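Below are the chains, spelled out letter by letter.
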Amino acid sequence: KAGVTQTPRYLIKTRGQQVTLSCSPISGHRSVSWYQQTPGQGLQFLFEYFSETQRNKGNFPGRFSGRQFSNSRSEMNVSTLELGDSALYLCASSPLPAVRSYEQYFGPGTRLTVT
Amino acid sequence: QKEVEQNSGPLSVPEGAIASLNCTYSDRVSQSFFWYRQYSGKSPELIMSIYSNGDKEDGRFTAQLNKASQYVSLLIRDSQPSDSATYLCAVLGGNQFYFGTGTSLTVIP
Numbered sequence: 098k099a100g101v102t103q104t105p106r107y108l109i110k111t112r113g114q115q116v117t118l119s120c121s122p123i124s125g126h127r128s129v130s131w132y133q134q135t136p137g138q139g140l141q142f143l144f145e146y147f148s149e150t151q152r153n154k155g156n157f158p159g160r161f162s163g164r165q166f167s168n169s170r171s172e173m174n175v176s177t178l179e180l181g182d183s184a185l186y187l188c189a190s191s192p193l194p195a196v197r198s199y200e201q202y203f204g205p206g207t208r209l210t211v212t
Numbered sequence: 011q012k013e014v015e016q017n018s019g020p021l022s023v024p025e026g027a028i029a030s031l032n033c034t035y036s037d038r039v040s041q042s043f044f045w046y047r048q049y050s051g052k053s054p055e056l057i058m059s060i061y062s063n064g065d066k067e068d069g070r071f072t073a074q075l076n077k078a079s080q081y082v083s084l085l086i087r088d089s090q091p092s093d094s095a096t097y098l099c100a101v102l103g104g105n106q107f108y109f110g111t112g113t114s115l116t117v118i119p
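Same order as they appear, the protein sequences are chains W and F.
First residue of the first sequence? That's 98 in the numbering used here, and the numbers climb one at a time after it.
First residue of the second sequence? That's 11 in the numbering used here, and the numbers climb one at a time after it.
Derived by calculation from the structure, the hints in this document are not laboratory data.
Hints may be right or wrong, so weigh each one.
[As the list claims (entries may be wrong)] Simulated pairs of lysine-lysine, BS3-like, Cα-Cα distance not exceeding 27 angstroms: (1) W:K154 - F:K52; (2) F:K66 - F:K77; (3) W:K154 - W:K110; (4) F:K52 - F:K66; (5) W:K110 - F:K52.
As the structure is a prediction and not an experimental result, all values here were calculated from the model.
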């Protein structure tokens with residue numbers, strides 16, 4: 098069974114640009130959660146999508162947005178990039194909403210560098 | 011104040027010893043508790059979950075939970091060099107997971 102895939106794996110962008118990251122969950126999983134990982138803050142929850150609906154949102158500015166498609170694939174968009182957005186962005190999939198299934202399976206991440 | 015606190019380490023133990031990893035959490039997030047292992051350059055993988063006070067053992071791993079003290083720990087017995095990684099503590103509170111910044115563990119052969 099294929100795991101969680103994320104594309105691209107590495108990305109370099111300039112301040113002010115926007116970026117879109119993609120996540121394909123494990124087949125049959127309908128929940129996708131997004132996290133930002135930085136050395137100082139650790140893993141921080143961005144949002145969760147289940148069956149194309151945003152269930153929860155973390156404490157991030159509106160520049161961070163996402164969506165989920167009918168095939169459960171999810172995209173995350175960051176507009177007007179700032180230097181502080183440089184991080185590893187991880188997505189995690191679950192068969193049910195994460196808070197019900199408890200187990201989350203993480204993808205390899207997208208390393209975003211903003212210059 | 012952060013929801014979940016971990017000692018960042020690094021923690022070094024000799025091969026065969028017991029590694030003890032600790033985590034404290036704020037009282038607003040106190041439902042279920044998880045330990046993830048993250049190798050350098052890799053994504054986190056779930057290794058233990060614990061939901062009630064006491065100990066839970068799985069092979070060489072033991073998770074301990076004390077809700078009164080808001081404390082959860084992970085013990086790794088007979089530590090192996092392959093256990094060298096960053097260990098993340100996660101707490102389910104409300105509708106989301108809160109993660110600590112992780113403790114870096116090095117097992118010295």
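Satisfaction of hint between K52 of chain F and K154 of chain W, Cα-Cα up to 27 angstroms: Status holds; Cα separation ~25 angstroms.
Has the given pair, K110 of chain W with K52 of chain F, been kept, meaning a C-alpha gap of at most 27 angstroms? holds, 22 angstroms
Next pair to validate is K66 of chain F with K77 of chain F; report whether the Cα-Cα distance is within 27 angstroms. holds, 14 angstroms
Keeping to a limit of 27 angstroms between CA atoms, is the pair of K52 of chain F and K66 of chain F held or broken? holds, 26 angstroms
K154 of chain W and K110 of chain W were given as a pair; does the straight-line alpha-carbon distance stay at or below 27 angstroms? Judged against 27 angstroms, a Cα distance of about 24 angstroms means the pair holds.
Violated hints for the displayed structure: none, as all numbered hints are satisfied.
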